[in-house]
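K.L.:
Residues per chain are reported as follows:
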Amino acid sequence: MSDFNIHYVARLARIDLSPAEEEKLGTQLGNILGYIAKLKEVDVTGVEATAHAFPLVNVTRPDVAEESLAHDAALANAPARSGGLFVVPKIVE
Amino acid sequence: MIHRLTVSELTNRLARRECSAAEILQASLDQIARVDGDVRAFLSLDAADARAQAEAADRDLAAGVTHAEKPLLGIPVALKDLLAHRGQPLNCSSKILGHYRSPYDATVVERMKAAGAVVFGRLNMDEFAMGSSTETSAFQRTLNPWDLTRIPGGSSGGCAASVAASMVPVTVGSDTGGSIRQPAALCGVVGVKPTYGRVSRYGLTAFASSLDQIGPFARTVQDAARVTGVLAGQDRRDSTSVPLPVPDYVAALERSAGESRPLAGLRIGLAKEYMIGGLDPEVDAAMQASVRQFVALGAEVVEVSLPHSDYAAATYYIIAPAEASANLARFDGVRYGARVDGRDPAEMNARTRGAGFGAEVKRRIILGTYVLSSGYYDAYYLRAQKVRTLIRQDFLKAFETVDAILTPTTPTAAFRVGEKSDDPLQMYLSDIFTISCNLAGICGISVPCGFTRATAETPRLPLGLQLLGKPFGEETMFRMAHAYEQSTGWHLEVSPLG
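Chains as they are written, first to last, in the working numbering: chain R, 8 to 100; chain U, 18 to 515.
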């Protein structure tokens with residue numbers, strides 16, 4: 008896969024990789040992409056895609072407010088919180 | 018020897034007041050203390066919480082509650098480390114979740130507790146269920162109780178190893194491409210992947226949402242059927258769970274009890290595409306013996322064709338990583354888990370994920386991101402979804418003429434620690450017999466079917482056969498597996514550490 012740029016795709020995936028990781032993962036992923044390229048052999052003309060084996064559609068419940076996870080419980084595992092909110096680094100414009 | 022008893026044996030003893038739930042739990046904790054230093058299946062367990070549940074079960078029993086009302090009353094059940102259990106840690110065997118504790122119970126945990134089970138313990142797994150050997154766990158290496166130089170399979174390696182070493186009679190895990198059936202086979206226990214939609218996934222950490230399904234490990238088919246009956250059913254919190262009634266799976270097994278040809282009238286298919294050379298000779302011999310056994314039980318065995326089998330692994334390794342890359346986006350250092358700070362959110366996300374995920378998880382997220390990225394989506398992801406349609410159609414066509422399809426669960430017995438951990442592609446191909454089941458959304462079970470021959474260097478190792486059933490055809494699948502098991506007795510073999 009000559010057009011597989013590990014550095015670029017890792018950035019899209021928001022994963023920092025060390026140069027050593029980039030090299031190792033890049034080679035392994037090249038092999039895996041070589042293997043999965045065999046799907047090009049299959050004639051899929053006119054075949055519908057399957058997203059789920061048993062798609063259920065329009066699964067809804069009555070539009071009534073219910074009890075859900077308590078505010079404190081939802082925040083309990085946060086690495087940083089303040090005033091009942093999740094805290095993230097400042098977004099610089 | 019309480020720790021070696023099956024669920025049916027334990028419930029009989031409890032019903033006759035021959036032992037208490039507290040004694041059963043203690044036997045389980047004692048066995049864990051005795052052997053888990055070697056096997057290392059448990060990441061942690063909360064004995065005090067388990068004891069409180071066992072005491073509650075004993076109070077229920079004293080008040081006259083029966084196992085007809087609560088099918089798992091007083092039975093210890095341990096969980097793979099990706100199922101939410103309120104107040105308990107949940108790490109998916111990854112560093113990225115830090116000191117996470119579940120704020121709620123998964124639906125399956127709720128259902129088992131309502132059925133009287135004593136739910137405790139976190140079982141080791143491949144990180145985020147990505148792997149086939151439990152070696153990608155960030156915490157510890159779990160070993161196979163039949164040979165401590167070998168892997169237990171994966172990703173639910175802790176689930177299979179703990180049952181094989183008689184630490185608990187039942188565990189619950191998840192299966193995305195074989196993660197229940199493959200370790201069950203390699204550890205010599207029973208493992209079930211129910212049909213897609215049969216069991217609610219609310220509270221299961223998602224890996225690949227169109228493939229994941231929760232299911233049990235147990236020592237017998239009857240126990241596995243009983244637990245599946247507790248787990249199954251529609252749940253309004255999982256919109257993919259189906260609104261179909263749950264049959265009484267255990268009653269289905271009892272209907273043909275005592276018959277000399279309990280499988281008369283049923284047809285089993287052997288896929289010719291699975292029989293092309295290269296199969297391990299001992300696996301092949303065990304398969305041929307099991308075919309003769311099914312014939313003796315009254316089943317008719319015929320050849321079927323699954324023409325797109327050769328494309329299943331490639332299809333899986335596009336679809337599963339693609340879905341994983343989306344599902345694991347939630348591990349971003351904001352709402353839970355460990356965080357590595359950065360100057361802005363994007364840098365914080367990337368540093369957190371770079372430090373928190375292990376190599377296999379990074380590999381799959383990056384692969385999934387690539388096959389979904391602009392310019393490659395049609396060539397990879399969309400094409401894989403179309404091939405998936407063809408694979409599913411192969412199975413549905415085969416099921417027009419047969420009631421189940423019989424395969425080996427794995428191409429070989431358990432491999433050695435480290436043997437495949439540096440070669441991801443070889444590791445992926447160890448799942449060739451189990452992957453299609455998830456792509457097609459059907460049900461499957463692995464049942465012990467023999468052993469390899471012991472040599473000077475290696476003790477005998479368990480082998481498993483796989484029965485693949487029709488969508489929502491668990492009843493017939495359990496009947497076949499149970500008849501086979503009861504006529505062979507492989508399930509009575511106990512691992513050296515059991």
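Think of the hints as simulated: they come from the structure by calculation, not from any bench.
As the structure is a prediction and not an experimental result, all values here were calculated from the model.
Heads up, some of the hints might be wrong.
As a list, the in silico DSS-like pairs of lysine-lysine whose alpha-carbon atoms are at most 27 angstroms apart [stated by the list, open to error]: (1) R/45 to U/437; (2) R/45 to U/403; (3) R/47 to U/403; (4) R/97 to U/112; (5) R/47 to R/31; (6) U/112 to R/31; (7) U/289 to R/47; (8) U/87 to U/130; (9) U/414 to R/31; (10) R/45 to U/414; (11) U/289 to U/130; (12) U/112 to U/403; (13) R/45 to U/130; (14) U/403 to U/414; (15) R/31 to R/45; (16) U/289 to U/87; (17) U/414 to R/47.
K.L.:
Evaluate each hint against the coordinates.
P.N.:
Here is what the structure says about each hint:
1. R/45 to U/437: Roughly 22 angstroms between the alpha carbons, so the hint for residue 45 of chain R and residue 437 of chain U holds.
2. R/45 to U/403: holds (14 angstroms)
3. R/47 to U/403: Holds - the C-alpha atoms of residue 403 of chain U and residue 47 of chain R are around 11 angstroms apart, at most 27 angstroms.
4. R/97 to U/112: Roughly 25 angstroms between the alpha carbons, so the hint for residue 97 of chain R and residue 112 of chain U holds.
5. R/47 to R/31: holds (26 angstroms)
6. U/112 to R/31: holds (21 angstroms)
7. U/289 to R/47: holds (23 angstroms)
8. U/87 to U/130: Measuring from Cα to Cα gives roughly 9 angstroms; hence the hint holds.
9. U/414 to R/31: violated (42 angstroms)
10. R/45 to U/414: holds (24 angstroms)
11. U/289 to U/130: At roughly 44 angstroms apart (the allowed maximum being 27 angstroms), residue 130 of chain U and residue 289 of chain U break the hint.
12. U/112 to U/403: violated (36 angstroms)
13. R/45 to U/130: Distance of about 46 angstroms is beyond 27 angstroms: violated.
14. U/403 to U/414: Distance of about 17 angstroms is within 27 angstroms: holds.
15. R/31 to R/45: holds (23 angstroms)
16. U/289 to U/87: Measuring from Cα to Cα gives roughly 44 angstroms; hence the hint is violated.
17. U/414 to R/47: holds (24 angstroms)
Violated hints, listed in ascending order, are 9, 11, 12, 13 and 16; each of the other numbered hints is respected by the structure.
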